[in-house]
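Participant: What follows is each chain in one-letter form.
2 protein chains.
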Amino acid sequence: MSQPYNRVYNFSAGPCTLPVEVLEEARDGLMNYQGTGMSVMEMSHRSAAFEGILHEAEANLKELMKVPDNYRVLFQQGGASMHASIIAMSYLKQGPKPQYITTGTWGQKSMEYAKVVGELDEIYSGKADGYRCAPDFDSLPINPEAAYAYFTSNETIQGVQFQQDPNVAATWVCDMSSDILARNVDVSKYAIIYAGAQKNQGPAGVVTVIIRDDMLARVPENMAPMFDYRVQAKNDSLYNTPPCWPIYMCGLVYQWVEREGGVSEMNRRNKEKAGLIYKAIDESGGFYKGHASQEVRSIMNVSFTLPDEALTERFVKEAEAEKLDGLKGHRSVGGIRASIYNAFPKEGCEVLAQFMRDFAARA
Amino acid sequence: MSQPYNRVYNFSAGPCTLPVEVLEEARDGLMNYQGTGMSVMEMSHRSAAFEGILHEAEANLKELMKVPDNYRVLFQQGGASMHASIIAMSYLKQGPKPQYITTGTWGQKSMEYAKVVGELDEIYSGKADGYRCAPDFDSLPINPEAAYAYFTSNETIQGVQFQQDPNVAATWVCDMSSDILARNVDVSKYAIIYAGAQKNQGPAGVVTVIIRDDMLARVPENMAPMFDYRVQAKNDSLYNTPPCWPIYMCGLVYQWVEREGGVSEMNRRNKEKAGLIYKAIDESGGFYKGHASQEVRSIMNVSFTLPDEALTERFVKEAEAEKLDGLKGHRSVGGIRASIYNAFPKEGCEVLAQFMRDFAARA
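Protein sequences appear in the order of chains A and B. Per my numbering, the very first residue in the first sequence carries number 3; after that it's consecutive. Per my numbering, the very first residue in the second sequence carries number 3; after that it's consecutive.
If you are wondering where the hints come from, they were derived from the structure by calculation, not from laboratory data. Since we're looking at a predicted model, the values are computed, not measured. Since no wrong hints were added, every one of them can be taken at face value.
Any copy, or any two copies together, can satisfy a pair, since identical chains are not distinguished.
Below are the DSBU-like pairs computed for lysine-lysine, each with C-alpha atoms no more than 35 Å apart in a straight line:
| no. | residue 1 | residue 2 |
| --- | --- | --- |
| 1 | LYS236 | LYS129 |
| 2 | LYS236 | LYS64 |
| 3 | LYS99 | LYS117 |
| 4 | LYS95 | LYS236 |
| 5 | LYS95 | LYS111 |
| 6 | LYS99 | LYS236 |
| 7 | LYS117 | LYS95 |
| 8 | LYS273 | LYS64 |
| 9 | LYS319 | LYS236 |
| 10 | LYS111 | LYS319 |
| 11 | LYS111 | LYS64 |
| 12 | LYS273 | LYS191 |
| 13 | LYS236 | LYS325 |
Chain A on its own, in the form it takes in the complex (with noise of 0.2 Å):
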């Protein structure tokens, strides 16, 4: 069965694949949105039209996500990275030395670009058995008098994934970069909450950081106006030119998720997705190993190992021939990954399952 436009089955980790209606429905716009007589690309941030298309971005994201009113939704310049570098340099000095958790590679860079600010604890690292674990946060010893305590909530390399928010108070700090709107949150457990958009939201080169009025209230003094979030959000992500394209996409994407029943029934199919990988793993007989431990398995993506590297290889170069994409593992972990992000479609899994059967019984 083919898909639209003769598109592939796109497993990319980030960027990756985005809902085809909304691909066509900016392709639709590309050259006159909305009657406004140019493209959204062309629009002035300070129009009246892309002021609507940012405020109704910021609204959607607040109502998929149910953002108390004591929290701020920005869109940032820069990757997840640089913001990782910037909550550091805004928070870590403001108490005892701030807690990190880490559960893979993105909280690992993460601890390693607030270390360049100043001091912090690792409290747990799942480094040592490969990034294969993800703790109970009640199992930690968290001080909640710490600056922060920063967790990556999904580990797009090693497909590790915290099943719950945490249960323990703290100024808790998440980089959601690659779970965000794939499961319900508490977001009020959270201090900020950031995330890259290029995997549930839109494509790269914009943040979405939603922060709690306190941490805002909390910006020190000596901070340039670029990476301060209270200038940020005084002026509504708007204090100098943001990434008009990148956000505008993005509001095209959280209207798409509430059309299609909102954040509750994107879990429902990540899981059934997901699911239908992991199911050809575990009855595999050993051919395919996973990366995670089971209990924290992650809902976006699936990591795992072949026997061998040849094997691999070769699994990769003929899942290509069936126009399924990207396959390849991150080279830390070896093996194969496949990312199913929100958008990607259901029948993609089934497709990838079936192939696996397959190759299995003819390797």
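Since the structure of chain A is provided, determine the placement of chain B on it from the hints.
Facilitator: Just chain B, lined up with the frame of chain A:
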């Protein structure tokens, strides 16, 4: 005469008009880019297809600007304001205080960002006369040993443009956001040229940084990797996920500039286009008054005033009815601003000039 797709003449100061051909190309590849089976927005930044896009854009910009071999071209996250901060964070303390030349709002802002980092010398300010002038470089007390010397080549709000490259030696840093690719520049005169994309290059969300090798070597050790040009150069602008779509669009614009005859042809057209509007100002018998001094008039942004506020409002409103959009001047200068970057068609300048004559006659 109506424009294709019922588009308006978009005089916005940026984001701004892009070439119709470029938009068509983006639209036509939006569902499936060149047989890859996906949009550029959905493409892994580590894929061969995207690396091709990135490296071609880099090569094209180098060729268009005749960038010498001892410079690197980087495509960076953020906007020009962010890089004004990053440059100060990187270099301000390396040597005697940097020297700032401020000929308008953007230079002023960049200087304010630098002051967050440390001390500097403002060796020229156009503020007292309302930013109408730009100095001759060789009339200034330039210290070639200073950490760097900073200026904004074209001030979009005031419409004040330097007419030549610096003719005295210094570590020149230039914000060229609004006139890059609009005139020939001798890159070898500069240590760093940087430019937000959203005027002459593409949509908002990416900044091009053209940086000399010795400046890369001088990045201090304690910079956050995201703000470290050396790290960014070493990783060919792929240290982390770049703003892929804005970079792709810039690449299409570079190709368009090349097809149309390169920077010299852009410059010829821009002079001609701006000349049409300045002529309408100068022949209005004082009804219209240009903001900038004659000798530093910008070929990118034509700022002028009308006799009073009521006439200005009426001008904007009646112009809009004729599909002349985005002409309202910045509140700090008032009046009218016609931004006519590379992609703005000559015909739109003719229509505006005629409208100006008609309006003055009936007002």
